[in-house]
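**Q** Using the sequences and the accompanying hints, generate a full structural model.
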Amino acid sequence: MRYLPQTEEDIAEMLEVAGAADLEGLFSSIPDACRRRTDLNLPGPLTEWELNDAMSSMASAMGACHECKVYIGAGSYEHYIPASVSYLLGRSEFSTSYTPYQPEISQGTLQAVFEYQSFVASLLGMEVANASLYDGASALAEALLMAARVSRLKKVAVSSLIHPFHRRVVRTYLEPAGFEIVELPGGPDGRTDLGKLRSVEGFAAVAVQSPNFFGCIEDLAAVGNLTRDSHALFVASFTEPLAYGLYKSPGGFGADIVCGEGQSFGIPQSYGGPGLGMFASLKKHVRSMPGRLVGETTDMDGRRGFVLTLATREQHIRREKATSNICTNSGLCAVTSAMYMASLGGTGLRELARLNYDKSEYLKKQLRGAGFAIPFASPTFNEFVVRFPAGFESTYERLQEQRVVAGIPLAAYYPELSGHYLLCVTETKSKRDLDALAGMLKV
Amino acid sequence: MKEISELLFPDDIRYTKDHEWARLEDGTVRIGISDYAQDQLGDVVFVEVPEVGATFNRGEECGTLESVKAVGSLYIPVSGEIVAVNNDLEESPALVNSAPYGGGWIAEVKPSDLSELDTLMSSKDYLEMLKGMTQ
Amino acid sequence: MNEFGGTTGLILEEPLLTEKGKKGRMGMSLPRRDIERAPMDETLKGEGPRLPDLSEVEVVRHYTRLSTWNFGVDTGLYPLGSCTMKYNPKTNERQAALTGFAGAHPLLPEKLSQGALKIMYELERFLAEITGMDSVSLQPSAGAHGEFAGMLVFHAYHKSKGSNRTKIIVPDTAHGTNPASAALCGFSPVNVKSNERGVLSPEAIAAVMDEQTAGIMVTNPNTLGFFEENIKEIAEIVHARGGLVYADGANMNAVMGIVSMGDIGIDVLHLNLHKTFSTPHGGGGPGAGPVCVKRHLERFLPVPRVVEQGGRYRLSYDFPHSIGKLHAFYGNVGIMIRAYSYILSLGPELKRVSQLAVLNANYVKEKLKDTLHLPYDRPCMHECVFSDKLQAPLKVTTLDMVKRLIDYGFHPPTIYFPLVVHGAIMIEPTETESREEIDRFIRAFKEVVKEAGEDPERLHKAPHSTKVRRLDETAAARNPRLTCF
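Respectively, the protein sequence lines represent chains C, Y and P.
Oh and the first sequence: position 172 is 744 in this note's numbering, straight run, nothing missing.
Oh and the second sequence: position 65 is 68 in this note's numbering, straight run, nothing missing.
Oh and the third sequence: position 391 is 371 in this note's numbering, straight run, nothing missing.
I should point out that these hints are in silico values taken from the structure, not numbers from a laboratory.
Fair warning: this is a prediction, and the values are worked out from it, not measured in the lab.
Check each hint, because a few of them may be wrong.
In silico DSSO-like cross-links for lysine-lysine, where the CA-CA straight-line distance does not exceed 27 angstroms [what the hints assert, rightly or not]:
1) P:K25 - C:K855
2) Y:K5 - P:K441
3) C:K726 - C:K768
4) P:K91 - C:K641
5) C:K820 - P:K2
6) C:K820 - P:K25
7) Y:K72 - C:K893
8) Y:K5 - P:K91
9) P:K441 - Y:K72
10) P:K369 - Y:K72
11) P:K426 - P:K347
12) Y:K5 - P:K375
13) P:K375 - C:K1003
14) P:K375 - Y:K134
15) C:K726 - P:K139
16) P:K430 - P:K347
17) P:K0 - C:K820
18) P:K147 - C:K726
If you want the footprint, here are the derived chain C segments under chain P, 3+ residues with CB under 8 angstroms [as the list claims (entries may be wrong)]:
19) 574 to 586
20) 672 to 683
21) 734 to 740
From the three backbone atoms N, C-alpha and C, an ideal C-beta is built for every residue, glycine too.
**A** Following this line, the structure appears as structure tokens:
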């Protein structure tokens, strides 16, 4: 096997040094009663060429191809990834290294993550960002746990227009620890109805997502007004960070924690993972933050360098009292997103964001013109809700035969929204694609 | 880390087995950590001091000290109410290392039972304990 | 040429990205604007982030230079104990990058997702076969996430029995993630010490196991590199009092095909695909931490689960007892594809992987035990733990020695862990290192120890040939500077 360099000769000599008669003899410390009696019943080994065949054939059974036109967003977004970014993240000095616990030989990762933290903080309008969490969903759950630590309260208000899967993850994280979760309903304009929250007294956090699951931009100023001068922390989440290239970021509205999914920035969709949990907050809360942090310092010769810092928050030091149990995070995805942001630059990011908005507005206009209803009036970024007439299911199915997926039906998540679909348009769709889609939907 | 003989243990204060010290000053007890404790912990980077007004029973955790790679608990040597804390530590946690019995003090306690102080170790007993530990 | 890899070379400086660039540059080809600008509410418009504008060549050169300051498995021997830094096969990367997988939206209709679902379904079966457990969920994103899933299963199980258990037994050799994951579920850890052989004794467990205790978390093989030889007896004690047994499978690389975790009393186990199953660690992540359970706990596994019917695969949420969802979608599918590709490439030879991993570790242990203090002198599994006791009189520490190893071209082992060995040096060579490379590492370590006697100062100031020297971590923590703005 090409990954196993030891020859029979090596093995014989090494066994002698190890004091074992044969390879089985190395396991003498395992009691007989604990030994496995059967061989591993696994297929293979396959040659590389057999593997390529098998994998390529399974990959071709997926709705992801050059001809496929997928108009789904809902927490995972199709954006062009430049060849330079794919190439750079493949540098094995980044991908095959461990967590940078030995800073002298990890400066590449450390500086790249420091730059990532800087970019994310700036993008979200916050003071500090961590080195990443698993994904947007766990980032939201961690944000609420952090709010509970800071406020010493165990009740949270969560908008029902936060991604349904993210809310499901929040429940998994919070319920066993005895938290109370109050869901805030959606209003007729497609934004969270804050009316239920006369006062935030007793709440650890108020969490909203913007753009929310319907693609609508939330009234973040209203949430900021509610939580200002209270114990409750304002948690703003997101699934499409590109929106902040166009719209104001949550930091400016008084958010205490901003967190979400960063997959949009150069990370392949990969059927949902790995993603990138972006997590940012304020300096005053930094000791309560989960996850790793990279900080700047100097070496013994006075040169600038970077290290993991404030590690006493973490599980390997504080064990059960740590701010989170996280160890392995999404480091390479974080670095990838920084490579992507650097490639776009400030100017490019604004232009790309605008292009997403304009294209999605174009499809919205075409669909409205074709007589379909756009039920929520609030501004959107690159996805929006459409109400199709009864019987649309058959059109939706038929389009799939042509490898066109016209968004996702919302009834599975919001039973009252039967006939409503969530559609997403990014820069990957041309005007011709959009015209074709509008034409196909009309029939 | 230093040898025990290189460390200082003033005679006018009392010590606990958890390496805190306590000094009676005008009816209140000033507390901190010993020279041995600061040396073991290494460069202190952050001190979480107790809240003024909080009360603790003897031996309860009332704060933490952090170095780069360790967290140490501060257990209160005598029962009582916290009446003052050393706010200088916020800016200069290194005082705990450079002057553990002086500028690196952590809090002042109004003791509820002054006789508890007598049950703490003298510098001689404390030094004996440390020597026993390292052997 | 120097026998060892370490040497000096041309190291190029590179500023922060924010110190480079010029407004108006662009490092990426933006798609053609083929539609008009749409009107928008200008009051909602923001400034956008303060990112530098850079050309593509500036970006490529920046990250290429940064990469050369890093040490990866592809650079050299990376003997981090309990991290299993084995070679990351390149063919795995090819498979994960196939457009059909990398470009797949997670909410694609089932009929357009069959390839990924099949891989997930089969990978679950493979991992069940390798561990001897009955059912697997691939959803957790990392080892600690898998532990959390396992603790949630414990919590749900006891709740289903109508009991509210608040404690969990955690040995002193455990990774910090164990108590931290347990605490998330409201369990308070009860620490138990390992015995003079470096393993848990049944008596120690019997002394603390009671009806308020949810169970035990055991790393097996443990972090001292020993198989927990009393595991069956321990499991019986825990089960007799209504508890469950959790195994941290971080060290599974030692026992594939050797031990069936399902047959030795383990109820729940997590694996690290980024350790045992060769997926790259990525400088911190992403990984994947599948959780495996015995049949009686299957109903608690996270949703959605992949189910098969007549050769078709679908995702099902129809498991009312499930602990819920842990990941925004279904877990780190890109990592799963790499692990699947690895398992297919090795097949039943995975047993040989474990045999050679254990051979390499025992070889290192025997060759270095006259040079370094070996606190537990007995056969080890895939890693061995030394200490700096012999060097202490010279005022040379573990840290000094491993920093000096860097100058010789090797990544340091895991240090100061497990906590039960003062000044621990934990070496896991893995099966993918050749004998020559391991011999070089051994000779380098002997050189370093020799230097400790001759010139301790050289070690105190090591490493000497890296981009930066030892860094001031105290200053970094006292005045944190976490962004460049």
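**Q** All hints, please: hold or fail.
**A** Against the structure, the hints:
| no. | hint | verdict |
| --- | --- | --- |
| 1 | P:K25 - C:K855 | holds, 26 angstroms |
| 2 | Y:K5 - P:K441 | holds, 19 angstroms |
| 3 | C:K726 - C:K768 | holds, 18 angstroms |
| 4 | P:K91 - C:K641 | holds, 15 angstroms |
| 5 | C:K820 - P:K2 | holds, 24 angstroms |
| 6 | C:K820 - P:K25 | holds, 5 angstroms |
| 7 | Y:K72 - C:K893 | holds, 15 angstroms |
| 8 | Y:K5 - P:K91 | violated, 69 angstroms |
| 9 | P:K441 - Y:K72 | holds, 20 angstroms |
| 10 | P:K369 - Y:K72 | holds, 21 angstroms |
| 11 | P:K426 - P:K347 | holds, 10 angstroms |
| 12 | Y:K5 - P:K375 | holds, 10 angstroms |
| 13 | P:K375 - C:K1003 | violated, 71 angstroms |
| 14 | P:K375 - Y:K134 | holds, 19 angstroms |
| 15 | C:K726 - P:K139 | holds, 21 angstroms |
| 16 | P:K430 - P:K347 | holds, 15 angstroms |
| 17 | P:K0 - C:K820 | holds, 25 angstroms |
| 18 | P:K147 - C:K726 | holds, 21 angstroms |
| 19 | 574 to 586 | holds (count 8) |
| 20 | 672 to 683 | holds (count 10) |
| 21 | 734 to 740 | holds (count 4) |
Hints 8 and 13, counting from the list given before, are not met by this structure.
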